[in-house]
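Participant: Chains A and B are the protein sequences, given in the same order. Throughout the first sequence, residue numbering follows the numbering used here, covering 16 to 361 in sequence. Throughout the second sequence, residue numbering follows the numbering used here, covering 128 to 325 in sequence.
By construction, these hints were calculated from the structure, which means they are not laboratory data. Possibly wrong hints are sitting among the right ones.
What the hints assert, rightly or not - Straight line, CA to CA, 25 Å or less: simulated DSS-like cross-link-like pairs of lysine-lysine:
1) A/Lys-225 to B/Lys-137
2) A/Lys-332 to B/Lys-137
3) B/Lys-148 to B/Lys-191
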Amino acid sequence: MALAFKQETFRNDYKYSNSPSAIKRFPFPFAEDQYMYSVNIEPHVKGKQGTVCEFPFDVDEHYVAECLDKQITLDLDRGRYAVLPHMMDAQWDFVELTMEALSNDYPEHFSLKKDGLNWTWENKPLNIKQSFVFGDASTMPMDPFEFMSRQVQGDFVLLDQRDETLYADGGFVTSQADWSLAFNVGMSWREWHAPVPRATELGVMDRALKYLLNLQLGSPVRRLNWTMTVNPRLDTSPENYPLWGTERNTVNPENVADKVHLRVELQSLFRLPRSNAIVFSIRCYLMSLKELSSYPRWAKRLHRVQKTMHPDLIEYKGMTKFHPMMVEWLSKFDDGSAMDVGTQPE
Amino acid sequence: MERGYWIRSKPVYTSLLWHEKATSHLVVAQGQGGMAVLKLFQLMHPKQAITVLYMPHAEADYSKTLVKVVPEGLQLLETEQEVLTKLDSVLQGMCMGMRLYIAGSEDFIWSVAKVANKFGIEDVGMMKELTGTLARPIYCVHCKATTHAVTTNIVKCRGCGRMLFVRDHFSRQLGAYMGLMIDAESPGELPDIEEIYP
């Protein structure tokens, strides 16, 4: 099935929407009426046809527009890409992983031809064709990791494993939920999760780390994370907080359903074969409350989750200003009747 | 502050103690950090080779006592830049097993650490004692400039002029705490500026 890529913007005029099929496949994260952090990691196995987990890296109708937005963000701030010198093997591991996955799963859009170490990559939607020698960075127009990070939706962090922990020693980060790669690069697992409230006390971070240190090649894992964002903006970085922070002031009871978006991160982690590093893929999905409410079951669920949210999390996720309006708008979908466990839309 | 509050990226500083099994010792100190060096020598005069780089500060100058106490390898320097240049050349001649000890302000400690990083000395391989002041180096996440010796909860960025909230989140690579624009959502509305890192 060939995808129809949409022309969209994730800044200024915010020309962005989800087609009915994109809404239906949205990775809605709330299976129960209450939310608290948990180590919700599961094997990143092949999901049902059409779902966001059908393939290791999901390509959808927003692909071309998102890749363009990545380029805009990176052109404005080169600090969104950073990699420490010892990560070159991991860079090539990433190239291999992504090129093989995309060409295998979306052959109508991507192709990879190998003749020994002489590889030719073709990306039709972005009109890129590149021949290179695998393992020889001088045959690439830029760092191998940057080259492919520009061509896959989402953010990518390369995690080096040493001293019984993981270090964020490289990244391409243009659609982050308010964390800074330039600040975090080189940090250990504990350091970069330091500001997350409640999580340390719950032991969530230590347990997740223990799990990931034992991540096996060929057995990737995934989890969902979420926040709420005003406007469909991918670049909600601390760097540009002066630009998007003020947009929180624009939410009112009339526009809340159009302005406020559920932002879900499909986070997946893959062990890499040469470097023994891990690539952490953070793929962002955005859907307005109005779009979400086309499935009343989701709106009803989100109402309950938001109504019972821990105050620390409301603050941490930056929802303080519009949270009451959001809960009020969602309340009309909630008749108070019991709901079964599950994230399904209907 | 809430009970139990602890940002895990915040560096933990300890009192300097000799590593007895080091092959050589390199001690770098500034101002009040001179007292930390004197305390080291109160404990023991190590058998191995010692190099001490010391920079007096307006508030504290232990040069005279150090000259008497440190048996060899003491070098007195006048500016932080001189210390870092000297450190660079000293490290070029150092061998495996050397131990690095740093004492001074956070600005000083992390400037020294940055030079040591270039030589492959990792964070865990350096012993650090914070002395004299709690003043912080603040990295502006917006313009990437670092403002030094910040003693207040809010500071004007020396790079872009934004008013930054001084966070506890610390980056060892940058050797600084994060500063985030405080009035982005409500321009001009600032809480009271108070000295909390004297």
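Participant: Now look at each hint and say whether the structure bears it out.
Facilitator: So, going through the hints one by one against the coordinates:
1. A/Lys-225 to B/Lys-137: The given pair, whose Cα atoms are some 22 Å apart, holds under the 25 Å limit.
2. A/Lys-332 to B/Lys-137: Within the cut-off at roughly 22 Å; holds.
3. B/Lys-148 to B/Lys-191: Outside the cut-off at roughly 29 Å; violated.
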